[in-house]
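Undergrad: Listed here are the chains, written in short residue letters.
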Amino acid sequence: MKMLKSIVLISAIGTAISAHAEGQPSVRMEPSNLQGPRQLQEQTARAAIRDYLDSWATLSNALQQNRPDLLDRDFVGAARDKLANTIKAQNATGIRSIYHDRSHDVQILFYSPEGLSIELADTVEYDVQVLDHDKSIGTEQVHIRYIVVLTPTETRWRVRIFQSQAE
Amino acid sequence: MLGGGALAAASALAQNGDLSVPKNLEAGSAFSIQAGGNGKGTIYIVGPSQVIKRDVQLGETAWFPAGSLYNAGHYVVIVASASTSQTGSVDVLPAKKPADLTFIAKPSRLPVATHDGITGTAYVFDSYQNLITTPMSVSFELSSPSSPGQTRTVETRNGAAWAQLDSTLHEAKDQFVAHTGDISSTRVVGQVPGDPCSLKMNAKTAGNKVQLQTDPVRDCNGNAVPDGTIVTFTESYDDQKSTVDVPLKQGVAEVEMPARRGATISVASGVVLGNQIRWAQ
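Protein chains in written order, with my numbering: chain Z, 1 to 167; chain E, 1 to 281.
Keep in mind the hints are simulated off the structure, nothing from the lab.
One should not assume that every hint holds.
Said to hold, decoys possible - Straight line, CA to CA, 20 Å or less: simulated DMTMM-like cross-link-like pairs of lysine to aspartate or glutamate: (1) E/K53 x E/D100; (2) E/K40 x Z/D132; (3) E/K53 x Z/D132; (4) E/K23 x E/D91; (5) Z/K88 x Z/E114; (6) E/K96 x Z/E114; (7) E/K173 x E/D195; (8) E/K200 x E/D238; (9) E/K23 x Z/E140; (10) E/K209 x E/E254; (11) E/K53 x Z/E140; (12) Z/K88 x E/D55; (13) E/K200 x E/D227; (14) E/K23 x Z/E167; (15) E/K23 x Z/E125; (16) E/K249 x E/D215; (17) E/K106 x E/E141; (18) E/K204 x E/E254; (19) E/K106 x E/D116; (20) E/K96 x E/D182; (21) E/K106 x Z/E114; (22) E/K53 x Z/D134; (23) E/K204 x E/D245; (24) E/K241 x E/D227; (25) E/K200 x E/E256; (26) E/K40 x E/D55; (27) Z/K135 x E/D18; (28) E/K173 x E/E155.
Excised from the complex, chain Z in its bound form (with noise of 0.2 Å):
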């Protein structure tokens, strides 16, 4: 099931801090660091930021099913290639992985000149639970800073490079 996630943007460009539900990710959205000559309307911040954050739920479902027809909603070219690898390695190891992520602090980073693409920075805090064959491995605390590339579908903006980065 898609996991609902509310942000409650005070502005597009100022700090946002998400009104969260329990078991909800928190969300806080920096002053966005734009470079670019094109203006990013509030509207467009907050559709890739939301289209953003429901593709972590994406992510989880996929992951933790091994199901990577669930991808196509929210990712596309690179990320979604790489994604749906892991769970093909993941299907023939036994292996299934559950993330949950519990915070996400988003700077929108670059709105291309022709709107093509929105690249952002998300400094997130999830759990990753590894299991094989249903049995418990271990779960993991990350910490991490996510370089995210977005381009807008017919419907929604879809993640296409997904990328962690050490800090």
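Please arrange chain E on chain Z, whose structure you already have, making use of the hints.
TA: Below, chain E alone, put in the same frame as chain Z:
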């Protein structure tokens, strides 16, 4: 067997109990993991972008050849056996050498002499499709057979670079190239004539009609305005007005209108007004 050089890309080992894991390594480089203990165990290297599972002998070094772990990102490392579990992590960094460039050029067609009308955006990747986030120079070049070329060199920020360039003065299909290192990507940008700069028509008698024909219609840089562009002829006589819209054919517009003594005939296209003729014959 792996030589010491094969592990040069890996940073100092991160120690967690008896588990030794490289703190970070370059995408696709060889590395090793050593877990303490005795007996058999299993190494799990788990990240969203890649997973590896391998049976190992605890207490011995497990070697991972070049190309084993190649997707940039953070990986949890767990070495599990029947009695113990050791954990660590490794960060895989993008390779330093660019191997691919995603280049978005817009628009594919635009009028000549448009300031900042052409934009290019480039994302730089290594050979494993990892975004290279360390700054590097990207050059954007617009080359035209009939105009001086334009070049902008930009440093990437978080893997992205962009530039804006002017369209040239002359109608042409220009090459728009982004390159970094020895990688390049080319797009074609068609530069079409702009709006008409001026209009001039001539009139002559054709029986009981007046035949009107424009001079070849050009933009302000002398490029022929494309055929199909609409030119409007308007004849005013007493309180009557008749209008004919004519597409350019072979660069000119022509039409016949009723010849009425004292009529005023004007020509226009878009926002450009041409000359006016008062028919006296």
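Undergrad: Hint by hint, note whether the structure agrees.
TA: Here is how each hint holds up against the structure:
{"no.": "1", "hint": "E/K53 x E/D100", "in the structure": "29 Å, violated"}
{"no.": "2", "hint": "E/K40 x Z/D132", "in the structure": "16 Å, holds"}
{"no.": "3", "hint": "E/K53 x Z/D132", "in the structure": "10 Å, holds"}
{"no.": "4", "hint": "E/K23 x E/D91", "in the structure": "6 Å, holds"}
{"no.": "5", "hint": "Z/K88 x Z/E114", "in the structure": "35 Å, violated"}
{"no.": "6", "hint": "E/K96 x Z/E114", "in the structure": "28 Å, violated"}
{"no.": "7", "hint": "E/K173 x E/D195", "in the structure": "18 Å, holds"}
{"no.": "8", "hint": "E/K200 x E/D238", "in the structure": "24 Å, violated"}
{"no.": "9", "hint": "E/K23 x Z/E140", "in the structure": "16 Å, holds"}
{"no.": "10", "hint": "E/K209 x E/E254", "in the structure": "13 Å, holds"}
{"no.": "11", "hint": "E/K53 x Z/E140", "in the structure": "17 Å, holds"}
{"no.": "12", "hint": "Z/K88 x E/D55", "in the structure": "19 Å, holds"}
{"no.": "13", "hint": "E/K200 x E/D227", "in the structure": "16 Å, holds"}
{"no.": "14", "hint": "E/K23 x Z/E167", "in the structure": "12 Å, holds"}
{"no.": "15", "hint": "E/K23 x Z/E125", "in the structure": "19 Å, holds"}
{"no.": "16", "hint": "E/K249 x E/D215", "in the structure": "12 Å, holds"}
{"no.": "17", "hint": "E/K106 x E/E141", "in the structure": "14 Å, holds"}
{"no.": "18", "hint": "E/K204 x E/E254", "in the structure": "11 Å, holds"}
{"no.": "19", "hint": "E/K106 x E/D116", "in the structure": "11 Å, holds"}
{"no.": "20", "hint": "E/K96 x E/D182", "in the structure": "13 Å, holds"}
{"no.": "21", "hint": "E/K106 x Z/E114", "in the structure": "6 Å, holds"}
{"no.": "22", "hint": "E/K53 x Z/D134", "in the structure": "15 Å, holds"}
{"no.": "23", "hint": "E/K204 x E/D245", "in the structure": "19 Å, holds"}
{"no.": "24", "hint": "E/K241 x E/D227", "in the structure": "26 Å, violated"}
{"no.": "25", "hint": "E/K200 x E/E256", "in the structure": "16 Å, holds"}
{"no.": "26", "hint": "E/K40 x E/D55", "in the structure": "7 Å, holds"}
{"no.": "27", "hint": "Z/K135 x E/D18", "in the structure": "23 Å, violated"}
{"no.": "28", "hint": "E/K173 x E/E155", "in the structure": "27 Å, violated"}
Hints 1, 5, 6, 8, 24, 27, 28, counting from the list given before, are not met by this structure.
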